[in-house]
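Enquirer: The chain contents come next:
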Amino acid sequence: MSSSLNTKPVSQKGYLLVENVEHDFVRTQVLKNISFSISAGEVYALVGPSGCGKTTLLHLCNGLLDLQDGVIENTFKNTASMFQQPRLLPWKTCLDNMTLGLKARRWNKKDRNLKGLKLAALVGLQPSDLEKFPHQLSGGMQSRVALARVLLLEPDLLLLDEPFSALDIGLKTELYQLLLEQQSQRDLAVLMITHDLMEAVRLCDNILLMNSKPGRIAASFKLTRPTSLRDDAWVYQTTAELLQQPIVRESFELPPPTSPSPVDLTTREWSYKC
Amino acid sequence: MHLLRSTFRELPSYLWSGWGAICSLLLLMAAWQLVSEHYGSLVLAQPLETFTSFQHLWNDQTMPEALLITGRRALLGLLLALGLGTGLGLLAGVSVTAAMMSRPLVTVLLGMPPIAWLVLAMLWFGASDGTPIFTVFVATFPMVFIGALQGARTVDNQLNEMAQTLQLPKRMMLFDVYLPHVFSYLFPAWVAALGMSWKIVVMAELLANQDGVGASLAVARSHLDSAASMAWICAIVLLLLGIEYLFLEPIKRQVERWRVTET
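Residue numbers (our numbering), protein chains in the order written: chain Y, 1 to 274; chain S, 275 to 537.
Think of the hints as simulated: they come from the structure by calculation, not from any bench.
Note that the Cβ used here is the ideal one computed from N, Cα and C, for glycine as well.
Any given hint might turn out to be false.
[What the hints assert, rightly or not] Straight-line alpha carbon distances no greater than 25 angstroms define the calculated DSS-like cross-link-like pairs of lysine-lysine that follow: (1) Y/K222 <-> Y/K273; (2) Y/K32 <-> Y/K13; (3) Y/K77 <-> Y/K132; (4) Y/K109 <-> Y/K132; (5) S/K444 <-> Y/K103; (6) S/K526 <-> Y/K92; (7) Y/K115 <-> Y/K77; (8) Y/K77 <-> S/K526; (9) S/K444 <-> Y/K109; (10) Y/K92 <-> S/K444; (11) S/K526 <-> Y/K132; (12) S/K444 <-> Y/K110.
[Claimed, not checked] Some chain Y residues near chain S, calculated using beta-carbon distances under 7 angstroms: (13) L64; (14) S81; (15) W91; (16) G101; (17) K132; (18) F133; (19) A219.
For reference, chain Y alone in the conformation it holds in the complex:
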């Protein structure tokens, strides 16, 4: 691991610093020597095979697991998390679910409903949907509610554990688009788990590639092209390029690359460190 990755960011707006984090479950080591840092406005993806400890790492960052070894410093004022499932309270209406976080911050009902209604329109929820209970909505709508619940808190760091993985590709793209709009408007820092490399290439500035047994960061890819300028062709090309890298293939336990490579590897707009 390169030490330059571990230098403390100097951003005024807050940062998430993860340094030499290790974690064991009983006697199996799940995370080994994890270090990285995220500043305001950066989008990081954690990519890796199933069971490599991505979720564990995220749970350490959002405090659902106690840190055993290493340092995690989070100076962001407002951290919010999304999970793989929408996780709505079934006995509350969608509006009440959305505004749950505001209620926890002692907003009065009128104000939080007003704010909820405003945001609902942005994420594509009809006012009539808001009176419904979660079981009356489709999975996509439930995900919108979960997204709205998080965005209402105006977080400056967002931790995402594949929140839209159960949705179809169109919906998924739409919701990610919504998220990215918010991200660029408000200089939001994002750490997202995905095992879809193409998704990471489309959305992220940095991709942290993880290996399993024990989970550790094998490489860190930096994508130089701004997210707004990434078209489909670029995304396909870059994903293919990354997939040709031996270190990526090794991590996902893919067979060695076919030769000659089907893509031109000379135009790459990314760099990586191991």
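Based on these hints, arrange chain S on the given structure of chain Y.
Expert: Quick look at chain S alone, frame taken from chain Y:
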């Protein structure tokens, strides 16, 4: 408060839906008339005879008094069971060990027929109020206990995590996350316990007491007064129906609105 208001708002349409139920009850009444005409009034009093007897018992205050006495006994036993069952069940649900230990005990309690408890209660409490109260308590306690235990054991860890990341304060954790879940298990158990308590108390009084609905039923039987017996039975059933459909069902509809799946 909100719950009460919406319950009352939907009451008229709910009551209107009762016509179907009344029709089938009237059919039952017709069958009753046929059977009693066939076998004679001594075996089964005719509906009209029963209603006259009912009216008589009601007007001379025998029935209201008996109902009050019985109601008080059932309610006392039930409240004891609700309080203790809910409290202990929740406590047992919080700890895995306690849950594992209490489960076989509760299974034994559930398996024990109420009439067996009644025999014991008669030995312990004689003909006092204690007998029906204890029998009601001991018969309904395990149902409530199991409901509370299940509710506490099955609190969804995913929702718990979600609530933690939203930094819900302790009070909100309790009232918005834990209690609604637990209540969704508790409420059906409470309703079942209420129905049970009413039946058990009549049985206990019939065998052990000198007053109350059960005792009056026993007296009517010993006088071979078929009309009075049927009148008492009608009173018991009517009261149960009334509680169930005018009180519990509307509440249940409101409380469990979030669970109803639309077809």
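Enquirer: Y/K222 and Y/K273: Cα distance at most 25 angstroms?
Expert: Roughly 9 angstroms separates the two Cα atoms, so the pair holds.
Enquirer: CA of Y/K32 to CA of Y/K13, is that 25 angstroms or under?
Expert: violated, 28 angstroms
Enquirer: When the nearest CB of chain S is found for Y/K132, is that gap smaller than 7 angstroms?
Expert: Hint violated; Y/K132 Cβ to chain S Cβ min 10 angstroms, cut 7 angstroms.
Enquirer: Go through the hint on Y/A219 and say holds or violated, using the shortest Cβ distance to chain S against 7 angstroms.
Expert: violated, 29 angstroms
Enquirer: With the threshold set at 25 angstroms, check whether the alpha-carbon distance from Y/K77 to S/K526 stays at or below it.
Expert: At roughly 43 angstroms apart (the allowed maximum being 25 angstroms), S/K526 and Y/K77 break the hint.
Enquirer: Against the 25 angstroms threshold, does the CA-CA distance of Y/K109 and Y/K132 hold or violate the hint?
Expert: Holds - the C-alpha atoms of Y/K132 and Y/K109 are around 18 angstroms apart, at most 25 angstroms.
Enquirer: Return the status of the interface hint for Y/W91: holds when the least beta-carbon distance to chain S is below 7 angstroms, violated otherwise.
Expert: holds, 4 angstroms
Enquirer: Decide if the proposed pair is consistent with the structure: Y/K77 and Y/K132, CA atoms, cutoff 25 angstroms inclusive.
Expert: violated, 32 angstroms
Enquirer: The hint names Y/L64 as touching chain S; please verify it with the least Cβ-Cβ distance against 7 angstroms.
Expert: holds, 5 angstroms
Enquirer: Given the hinted pair Y/K92 and S/K444, is their alpha-carbon gap at most 25 angstroms?
Expert: holds, 18 angstroms
Enquirer: Just to be careful: measuring from the Cβ of Y/G101 to every Cβ in chain S, is the smallest value less than 7 angstroms?
Expert: holds, 4 angstroms
Enquirer: Do the numbers back the hint for Y/F133, that is, is its least Cβ distance to chain S under 7 angstroms?
Expert: For Y/F133, the interface hint holds, since the closest Cβ of chain S sits about 4 angstroms away, which is under 7 angstroms.
The structure fails hints 2, 3, 8, 17 and 19 (numbered hints given earlier, in ascending order).
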